[in-house]
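Q: Below, each chain spelled out in residue letters.
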Amino acid sequence: MRLLPGLALWTAALASAWSLPGHLWHPAQPPPFPLHALLLAALALVAMASLPPALVFLAGPSLARRRVLSALEAPPDLVWALLLLAIWPADAGPPGWSAWTAVLLAASVPGEARWLASALPVEMPFPHAWGPEATRASRFRSLRRLVPRWLAARLPIWLTASLVAERVLGLPGLGSDWMARMEGRDHAGLAVWILAFALLWIAARPLEKAPA
Amino acid sequence: MKKTLLLLGLVVATGPAQTPPARMVQEAFLADPGPLDFVRGEGQEQFIAQALTGDALVGLSAENRPVPRLAASWKVVPGGLDLKLRDDARFTDASPVTAADVAWTLQAIEADPQASATKRAALGDLKASGEGLRVALRGSRPAARLLTELWRVPIAKAGHGDMGSGPFTLLRSGTEWTFTARPGHFLHPRIPGLHFRLLPDEAGRLLAMRKGWLTIGVPPPQPGLAPPSGMTELVQPTLAQLVVWTGPGSTPGALRALAKWRGDAFPPALMGRAYAPAKGLWPTALGFPELDPAPGKEICPASLELAYTAGDSVLERQLQALAARAARDGVTLKLRPLEAGLFLDQLTKGRLALGVITNVFDPGPWSVLGYLEQGGDLNFTGWADPEALPLLAKLGDPKSPAWKELQALWARHPAALPLLDLHSVLWVDRRLELQPCALGIYMATPGAAGWRWRE
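From first to last, the protein sequence lines stand for chains A and B.
All residue numbers for the first sequence refer to the working numbering, where the first residue is 1 and numbers rise by one.
All residue numbers for the second sequence refer to the working numbering, where the first residue is 1001 and numbers rise by one.
Hints are computed from structural coordinates only; laboratory data are not their basis.
As the structure is a computational prediction, the values presented were derived from the model and not from experiment.
Note that the Cβ used here is the ideal one computed from N, Cα and C, for glycine as well.
Careful: at least some of the hints might be erroneous.
[Said to hold, decoys possible] From the structure, some residues in chain B lie toward chain A, with a derived Cβ separation under 8 Å:
| # | residue |
| --- | --- |
| 1 | Gly-1212 |
| 2 | Glu-1339 |
| 3 | Gly-1341 |
Let the sequences and hints guide you as you build the complete structure.
A: Right, dumping it as structure tokens:
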């Protein structure tokens, strides 16, 4: 996407957040930002950003047609979270943030891997005929172009997946914060969120450039 | 099989959260209470935090009678109340609670544009003054009303809106809220404290209760759901009602039809123990007689539109039952879900013909005045009647005959009609002894300070 239309889109989103219509009956103060969840979210983001591309790099476009991936992709986020909670031993106490990470990865990685694998160009007959090194190079170049766009497009979806896990496991983090600011009509807080997304998009743009 | 192994692997790989100290009461907030703030704080969870960490001047007992809290005694005087504060009440920094703190709290709520709307409504034009331990409260509201509304306003230390003098101190740590008992507090809390997690999801909360991770919890409103063996069900008759407001374009015939349908639209098998069809116009639990709305001969229109806040599955189910009942009388009741903020915006701007909200009344007849007073917190549609003003001035006593006249006046052209009475259903650990109350288990005096573990 070119810079100016993209910036116009983000500016419109920012204006919408700032001027979100409606008001609450008994407006409450927004909750404090979940600083405790930042490091965990960053680690989870690194895992989310690296696991699916790594899987796709190793397995290639054929991964999109694997039945096991379909089976793992089918259950919604809520089911993964409830399943983990149901089989969690009662004596161990409520699950913590590592459980949240596990639910997030289990719910998202299969779908993300399929998304990336489907977007890869076909490898038959070429570059397959040129050998494994050429195939790997082709995948690497394709993924290098794909991953920044994929990250920018999927971040809000991951935030939603995180919200589900946070609500079921009782661990409020970034997803809950986003939702609480939306529900509480915290215009300034929402605008900061949109700004953060926009900055991420701007930061990811140089990565989209085709290698020389 | 592979999936099962994967799941087992996940369980082994993920560690448990830090286990809180034993014998603390384990509880769950349904929403984040936000920062503790006795001036700006709003919402049920925030008020629970304030009830645990703060003291109002006058509390309400489980029987809804005014009882001493920060005020050791009071005297009704012309224009208000004279109170004498306890000499052993201390804020968390050990400083004594004085008249200056009371005056500052009331003044801050009045002056701060972001102050809690609920507290503003509870205080009205009340002003506080005094010195040392003597406080004078003056305003236009009758003393009997003040005594039933002061429980809503815990007193903060002057200049520190986040510091109270209550029986527990709060420590928020990431995703957990721990309230620890203050040993020297005058209410003598008998439990070591309470530990809250945020569990907004019904299914997650239900699993947590079944695993024994919660001492108290709100079960999902499913009929036939039984508490786990270690817990017992507590049903508290509250003063909450599901109320339908009428806007421009709705006719008295529609209100009469809704009043008729509410009686048999909600089968108990669908609603569970938390709901019962409402009767009359104002809560009968407050002593109001049952009156029919808007007498007349206009018939109900063939099609009505009823707006509600989207995302509440229980409310949706209830309104679908109402729509099914309306269909039996040949009326199409169109349900229109709206986002909460947009819903209120449209309701207050008079763009909704019918809109539904849940309201919790205070345990005094004055709480219905929000429907009638100009700018009242329940007067969304600008209800007014020239005959109401002289009657409003005569409501000094809960037994005043003016109440009857006022209700008859409202019944002629009401702006709202209750559909359902709501009860609070809780599951409580059998080992914990607590007292149910119309205000809820936290808001009454002594509240959580009066709970104890059965040995």
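Q: Look at each hint and say if it fits the structure.
A: Hint by hint, here is what the structure shows:
Contact between B/Gly-1212 and chain A, as hinted, is supported at the beta carbon level, the nearest pair being about 6 Å apart and thus within 8 Å. Evaluation of the B/Glu-1339 hint against chain A yields a held restraint, the C-beta minimum of about 7 Å falling below 8 Å. For B/Gly-1341, the shortest C-beta to C-beta distance to chain A is roughly 3 Å, which falls under 8 Å, so the interface hint holds.
Checked against the numbered hints above, the structure violates none of them.
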